[in-house]
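Chemist: Next come the chains, spelled out residue by residue.
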Amino acid sequence: MQRIGVFVCWCGSNIAGTVDVKAVAEALKFEPGVVHSTDYQYMCSQAGQNLIKDAIKEHNLTGIVVCSCSPRMHEATFRKTAQSAGINPYMVEIANIREQCSWVHKDMAIGTEKAIILGKAAVAKVNLNAPLTPGESPVTKRALVIGGGIAGIQTALDIADAGFEVDIVEKKPTIGGKMAQLDKTFPTLDCAACILTPKMVDVAQHEKIRIFSYSEVESVKGFVGNFNVTIKKHARYVKEDLCTGCGACVEKCPQKKVANEFNLNMDNRHAIYIPFAQAVPKVATIDPSACTMLKTGKCGVCSKICAAGAIDYTQKDEYIEEKYGAIVVATGFNPISLEKFDEYAYSQSKDVITSLEFERLTNAAGPTAGKLLRPSDGKHPHKIVFVQCVGSRCSAGAEKGKEYCSKICCMYTAKHAMLVRDKYPDTEVYVFYIDVRTPGKNFDEFYRRAVEEYGVHYIKGMVGKVTPEGEVLKVQGSDLINNKQINIDADLVVLAAAIEPDKSARPLATKLTASMDTNDFFTEAHPKLRPVESPTAGVFLSGACQGPKDIPETVSQAGAAAAKVIGLLAKDKLLGNPCVARSNELLCNGCSNCEKVCPYGAITYIDKDFRMPDRTTRTRRIAQVNPAVCQGCGACTVTCPSGAMDLNGFTNGQIMAEVDAICK
Amino acid sequence: MQKITTDALVQKAVELLNNNTVSYVLGWKKGEFDYDITPYVFKDEKTLKEEFIYSDFCGVNLSKYLVAKTKELAGKILVFLKPCDTYSFNQLLTEHRFNREKVYAIGIPCEGMLDIDKIKLNLEGISSIVETKEGVKVNTLDDKTIELEKQAILLEKCKNCKSKKHYAYDELLGEEGDVLDNNRFDEVAKLESMTAEERFEFWQSQLSKCIRCNACRDACPACTCEKCVFDNPNSGIENKSPANSFEEKLFHIIRAFHVAGRCTDCGECSRACPQNIPLHLLNRKFIKDINEHYGEFQAGLEVGQRGPLVSYTTEDVEPSDVFNKGE
Amino acid sequence: MTNVDTLIPKVGVITDVRIDTPDIKTFRVVTPDGKKAFDHRPGQCAMLSIPGVGEAMFSITSSPTNTEYMEFSIKKCGCVTEWLHSAEVGQQITIRGPYGKPFPVDDEFAGKNLLFIAGGVGLAPLRSVINYCRHYRDRYGKIDIVYGSRSKDDLLDYKEIIDEWATDEGINVHLTIDNAQEGWDGHVGFVPNYVKELGFDTDKTAVLCGPPIMIKFTLDGLYALGFEKTQIYTTLELRMKCGVGKCGRCNVGAKYVCKDGPVFRFDELNELPTEY
Amino acid sequence: MRKCSLSAINSIFEEIAKNTMLFLPVDNKDGKAEYKKWQEGFLLSEKLNTVKSPKEFLFPQTENLMEFKTSGKNIEIIDTRTAKEDFVVFGVRACDAKAFDILDKVFLTEPRDSYYASCREHGTIITLACNKPSETCFCSAFGIDPANPMGDVSAWKTENEMFFEANTEKGEKFIELIKNLTEKTDNKEVKKQKEKISNIMKKLPLANLSTEKFGGGKTKELFDAPEWAELSSTCLGCGTCTFVCPTCQCYDIKDFNTGKGVIRFRCWDSCMYSNFTLMAHGNNRNSQKERFRQRFMHKLVYFPENNDGTFGCVGCGRCLSRCPISMNIVKVMKKLGGKTND
Amino acid sequence: MQITEHKPLIVAFCCNWCSYAGADLAGNNRLNYPADVKIIRVPCSCRVNPMFVLRAFQKGADGVIICGCHPGDCHYTSGNYYARRRMAMLFSMLDYLGIERERTRVEWVSAAEGAKFSATMNDFVEKVTKLGKNKRLEDLRCKK
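Same order as they appear, the protein sequences are chains A, B, C, D and E.
Under the numbering used here, the residues of the first sequence are numbered 1 to 664, in order.
Under the numbering used here, the residues of the second sequence are numbered 1 to 327, in order.
Under the numbering used here, the residues of the third sequence are numbered 1 to 276, in order.
Under the numbering used here, the residues of the fourth sequence are numbered 1 to 342, in order.
Under the numbering used here, the residues of the fifth sequence are numbered 1 to 144, in order.
These are calculated hints, taken from the structure and not from any lab test.
Beta carbons: idealized from backbone N, C-alpha and C, even for Gly.
Only true hints are included.
Where chain B lies over chain A, by a calculated footprint (3+ residues, C-beta under 8 Å):
1) 589-598
2) 643-656
SDA-like, lysine to any residue: derived pairs with alpha carbons at most 25 Å apart:
3) D:Lys331 x C:Pro273
4) D:Lys69 x C:Asp33
5) D:Lys73 x C:Asp33
6) C:Lys101 x D:Leu108
7) A:Lys57 x C:Ala87
8) A:Lys29 x C:Pro32
9) B:Lys137 x D:Lys132
10) E:Lys116 x A:Pro527
11) B:Lys227 x A:Asp607
12) B:Lys227 x A:Gly653
13) A:Lys57 x C:Val17
14) B:Lys49 x D:Pro226
15) D:Lys202 x B:Leu123
16) D:Lys334 x D:Gly309
17) A:Lys233 x A:Glu322
18) E:Lys133 x D:Gly261
19) D:Lys37 x B:Leu121
20) D:Lys331 x B:Glu131
21) C:Lys229 x D:Lys220
22) C:Lys36 x D:Pro111
23) B:Lys46 x D:Lys335
Working from the sequences, and respecting the hints, build out all of it.
Modeler: Next up, the structure:
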């Protein structure tokens with residue numbers, strides 16, 4: 001029998017407001033095994049923790065129940081407290097009487113009654129807890145960064161600078177990501193390329209960094225500190241080590257009518273191409289869907305022209321296996337597809353464009369060489385309407401768009417408006433907005449300059465309809481402040497499309513067993529306290545894959561993720577999760593069904609000799625669990641009919657004891 | 001009438017025993033009467049010739065015995081397998097329950113086995129039972145003779161025989177049969193079409209007969225756990241006698257669940273039940289559900305099959321939709 | 001109904017817990033009003049239980065001459081004993097008994113020289129007889145006690161043996177441990193060998209209790225010394241459940257250990273099938 | 001001796017049920033006989049016997065012994081028994097009636113089992129002679145005459161009438177109760193009926209089953225017999241034989257935590273079960289052979305040894321018809337009994 | 001709600017990664033649901049053994065709900081897929097035995113779906129309350 005101490009936390013009034021904490025502490029005093037029960041205002045505070053430590057010593061406790069907030073919040077805290085007082089950390093159980101009680105129930109009597117029951121369940125469980133010791137595993141001192149945008153670049157550089165090897169996997173032929181497509185950056189209006197490309201060069205030249213461009217993560221096995229990743233390197237039909245990036249092949253390539261995705265299909269490129277001048281690696285890539293040679297076997301111009309002999313039409317996809325200690329996800333974002341937004345005539349008129357397309361149109365390296373020209377007829381637009389929140393902040397359950405705020409649109413629209421007015425003062429600029437959100441250093445000043453200095457017309461209200469009529473786009477909107485309909489004949493309409501995670505994120509999440517929210521943004525281990533870690537140990541989050549972010553925020557998160565990775569890789573050994581499956585070999589039938597359901601391949605079978613009660617020896621096939629590989633899901637425990645498989649920390653006995661206590 | 005004679009089997013067994021192919025013969029032994037046949041491990045020619053029998057009352061599935069006997073006995077064992085026994089044989093091999101090397105399996109045909117309980121429903125006091133073309137002729141102690149048609153006195157498990165085809169053997173005696181069209185899910189469907197109240201009444205009255213003798217479990221070739229959870233005081237659900245209707249249900253639900261996806265529908269549970277509880281209807285419910293929702297699956301068709309409850313597809317039906325089908 | 005059935009226990013309170021060896025504790029039990037739960041004879045057993053955990057049979061290690069309380073020396077070896085080992089003073093348990101046939105202290109043993117041979121926790125059931133005989137010292141002849149255990153720390157009731165038994169007149173205590181150990185200057189070796197070394201006269205009645213292997217070899221030794229089966233007693237504590245000879249648990253041959261035993265003379269035991 | 005016409009039997013049941021609970025074998029949906037509490041419309045089964053024996057009226061499959069309430073370190077013991085009601089079991093066969101005597105020998109010897117005693121006290125057993133013993137019957141091997149069933153009242157059924165004779169005080173009371181529905185008669189008819197039954201008995205295939213090799217004191221001869229191994233070789237270790245047996249009386253005592261308290265109950269157990277003797281010490285009968293042997297040795301040797309030669313089997317034949325693999329005491333007796341003593 | 005109405009007892013098994021977090025989020029957002037719901041944390045919905053479900057009913061639960069990550073989102077990749085099959089089978093069997101199907105439910109609740117958690121529990125409690133006491137799968141010894 002345990003000697004259990006019960007500690008009921010008030011959490012200020014968070015718990016004590018709805019739960020009579022004294023009554024809870026009193027009621028739990030008489031539960032089996034409980035020898036001490038008390039309450040305190042903030043159990044998680046230093047004083048609260050000391051209270052627990054003192055009680056452990058004074059009452060010679062063997063188990064601890066803390067009735068407090070969610071175990072997801074402070075389980076680790078109290079485990080450490082227990083450990084420092086000499087109790088095994090796994091002898092601590094938390095009764096969640098805040099999130100799952102005081103915060104969701106209003107009536108004191110009801111809340112108190114439930115808190116007591118939850119406390120009893122925790123006591124019942126602790127009575128069956130056993131000390132657990134985590135296993136140790138080594139750490140591979142190399143990190144993988146998935147995504148070569150500014151987030152990935154910054155993370156990689158920071159990790160590499162700390163002296164660890166880093167590999168970047170980028171699915172495009174070059175790193176750079178969305179930032180490489182931008183013109184200027186807010187709120188300082190410095191040129192994106194000017195600040196990004198030096199970093200790209202740094203990456204290329206860093207001796208600790210390898211870039212796998214035009215590559216994707218094929219599979220991920222293993223666990224924190226010991227990931228085995230297979231990287232699929234797409235055939236680019238150009239030998240990277242030989243290609244000098246001279247561009248001669250590109251010039252001569254007869255297939256010139258391939259939509260240029262870098263310019264958002266607003267112009268064309270060749271079948272062999274280098275996405276942009278500062279690409280890293282600066283290596284040509286053959287687009288197999290466009291190359292005549294690859295499709296028909298007739299052409300071969302690039303091969304003839306290449307002095308370095310880098311062209312290789314027989315190249316195959318290559319699979320590279322590598323070990324990593326940590327993985328950083330930096331898969332970024334994309335504007336959402338606007339196909340469903342018929343009201344803005346995006347599909348009907350070439351002159352209704354997204355903000356990212358607008359970036360390319362104003363970029364000196366873009367399709368118009370930086371001149372703001374209408375995509376339809378190449379004329380200079382005189383009236384431009386910017387529409388904010390296209391697909392952002394939609395109501396829940398709406399059939400299109402996202403519920404969330406895309407966060408960056410207000411600022412880039414202000415930037416766009418300002419740049420237009422600066423370059424083309426003859427152009428009238430209207431911005432339809434719901435709210436202008438400018439929390440950020442120098443952000444609001446920036447926005448006010450657009451309005452006050454550059455004379456951008458900000459109209460609070462939404463655009464109801466855009467109708468192409470001849471050369472103009474008839475924009476019908478509402479002005480909520482003046483409470484009137486507004487009609488503008490615009491030459492160009494720029495839609496601030498919502499942003500969403502890259503489509504590659506979801507399959508990647510599955511491979512990583514990392515969790516995602518409903519919008520496919522990766523979830524953090526904790527929204528406030530562990531914002532750059534995924535709940536999956538060893539997987540970290542950098543940039544917009546976790547949620548909409550602007551560049552400064554992305555870079556700071558990238559640095560934070562790097563810091564976490566460095567912290568992990570700096571360790572020589574990792575302590576595993578001791579809550580893993582274990583097989584009772586006396587009960588095991590050797591049927592292999594648990595092996596079939598184990599997602600980690602943690603179960604193997606061996607033949608073992610057993611001495612039978614009649615003194616004979618019998619060889620039996622029995623299951624064995626590799627505790628370093630097991631992640632503790634428990635799938636095997638239910639598959640096992642004899643109950644030979646059980647899960648440390650969540651044993652059949654413990655869960656049934658909880659059920660019993662709850663159903664008393 | 002079984003197409004193959006006892007003599008042919010004995011002859012085969014003696015031959016294999018004498019040429020040292022096998023050391024033991026797992027078969028059926030004559031009883032006190034014509035119907036009380038006991039599985040038996042024969043070791044010599046004499047006993048085989050005198051006491052071996054293969055008749056309409058050899059319903060016992062011998063596959064399960066291989067789990068214990070292959071470990072207990074040193075030499076190779078000859079086992080006679082009826083078509084439905086071969087499914088259990090394969091399933092046991094899939095789960096590594098015995099060493100195939102130690103077994104010499106002979107497939108033998110089966111025309112359906114008889115249920116002495118059904119015969120006794122019609123009469124009491126049997127002096128002998130003679131097999132006829134249509135069924136049996138029963139002579140009673142009071143010197144009457146009653147003829148019974150086979151269809152009416154088949155074992156519950158044989159009424160909807162799923163197959164006359166053998167899926168495992170080293171040697172086949174007699175002719176190979178076919179997988180049969182059968183209506184084995186009709187009774188399940190009938191229950192499904194009842195209201196919840198009716199179903200509850202049905203099962204309540206059936207399961208309340210349970211005396212927890214464990215015959216269903218101990219006869220079941222899928223229940224070969226080293227130690228059953230119901231026998232293990234540490235499992236949390238151990239019990240020896242059902243104290244009330246809950247415990248009756250608990251045992252049968254858990255047992256059916258444990259064999260779900262592994263049960264070959266051999267029907268031993270219902271045959272063994274001294275209280276005539278139609279336990280196979282629980283297992284068949286799972287088989288029917290599995291077939292409907294996860295694709296046709298017959299356990300024991302081959303060694304190494306992956307069972308439906310240890311697999312999944314991302315498109316599997318939602319639990320709520322399992323209820324809502326056909327409504 | 002006022003009919004008190006023998007299966008219904010009384011409440012007992014643990015009033016003292018003594019740690020004897022690393023895996024044996026001795027519990028003192030009285031009724032809630034501080035009395036002895038019931039009277040017993042040396043060698044008899046009682047059924048102790050913790051509701052929800054289980055019931056188990058233990059020999060009463062205190063002598064019937066102790067009128068204040070009962071004692072049980074219990075080795076940790078299952079869920080009931082494990083639970084008891086974690087129990088503290090003041091804990092209530094349930095107790096029923098006494099069960100079984102006692103040692104024939106007032107007839108066969110009367111006037112005889114006695115030889116007690118015990119190994120490990122096997123001393124527990126003998127302690128009540130030994131103390132009974134010490135109490136009525138004049139009714140018995142010379143008493144020899146041979147007791148051995150794995151190590152010095154595993155010797156049960158060591159203090160009582162040294163301070164009381166060994167100092168009594170006419171009682172010879174011979175202690176032994178399996179392997180030599182620091183701070184032990186007594187005999188080292190297994191009990192059966194020690195018995196042979198000591199070489200007792202056959203003018204006594206022997207009482208054996210200990211692990212099966214010790215019993216087997218000690219018996220051989222005693223036979224070699226010329227002892228008859230009718231001169232040797234032992235006590236079995238096997239798998240008793242109801243305690244009243246009905247449930248069938250402890251049935252060995254035609255005997256029920258809980259009712260016909262646990263004390264058996266070896267000639268009686270010899271008649272039983274070897275299922276104990 | 002009293003009699004009534006068979007057509008009046010229903011009114012007798014009605015009369016009994018007015019005063020006490022009445023249990024009798026009726027045909028269930030499976031066409032088997034089963035003891036049920038009588039209610040209007042229930043007919044006495046024509047079957048020879050029930051699947052489950054009537055022992056559960058005296059020794060229920062599970063029976064609460066007491067309850068515990070615990071609070072902190074304290075325990076309260078509650079005797080949960082309530083006053084037992086009177087009941088009548090009608091139609092008990094001679095074998096099952098004899099089985100009650102055997103159970104009495106276990107439960108009513110000191111120390112008396114008060115749970116059993118109370119059931120015994122409140123129950124009136126009306127036995128019924130077997131008109132048509134079956135091939136599985138071998139009660140005569142144990143000296144039981146199915147034509148002369150014991151119990152508080154013995155009854156005989158002829159083609160048209162039912163005869164009653166009281167054997168005990170309780171039986172007299174019962175006869176008194178149905179006095180108005182029956183008439184006094186001599187025993188001529190019954191005698192004829194008995195003869196008829198005896199004639200059938202002689203023809204039964206197991207009529208000459210010998211118990212000669214068994215009985216008290218035979219432990220040494222039988223315990224190490226090599227036949228046990230082959231007899232038990234295909235035993236499944238289930239409890240069917242035990243649980244349908246009218247004389248098997250082994251039980252286990254278990255605790256059940258209801259969440260509100262702990263119920264201590266006893267339940268039938270089977271010496272055939274691998275976990276029968278399993279306790280902290282281990283198991284003293286590890287193989288099925290040993291467990292199988294225990295069951296039959298107990299019935300055929302140990303029990304008679306302790307009970308003046310009375311065997312622990314009554315030859316009801318239930319195990320013969322219910323064992324899933326058709327192994328049974330008759331096969332055991334024939335195999336072991338056939339052994340010559342040279 | 002009337003005072004005379006039977007207060008059901010609901011046991012909710014929630015996977016640690018999604019549903020338990022979803023329940024926490026419901027708490028963070030103060031989205032009320034009846035206190036009749038008592039949550040047991042399990043690492044994954046695949047940890048829920050049918051034994052636990054039946055045990056809950058035995059000890060007096062009126063409804064049992066199992067919440068896990070959305071299919072495809074399992075922290076352990078595949079756990080909820082196994083749970084989905086197992087619970088579909090178990091609950092179908094309970095239904096087959098005549099146990100009211102509304103007493104059992106499987107629901108996928110992500111860590112971000114506090115609102116869904118609360119709504120689900122409200123709905124489940126309402127449905128189970130309507131059914132009244134669990135009579136068909138009860139152990140009378142555990143009733144007062």
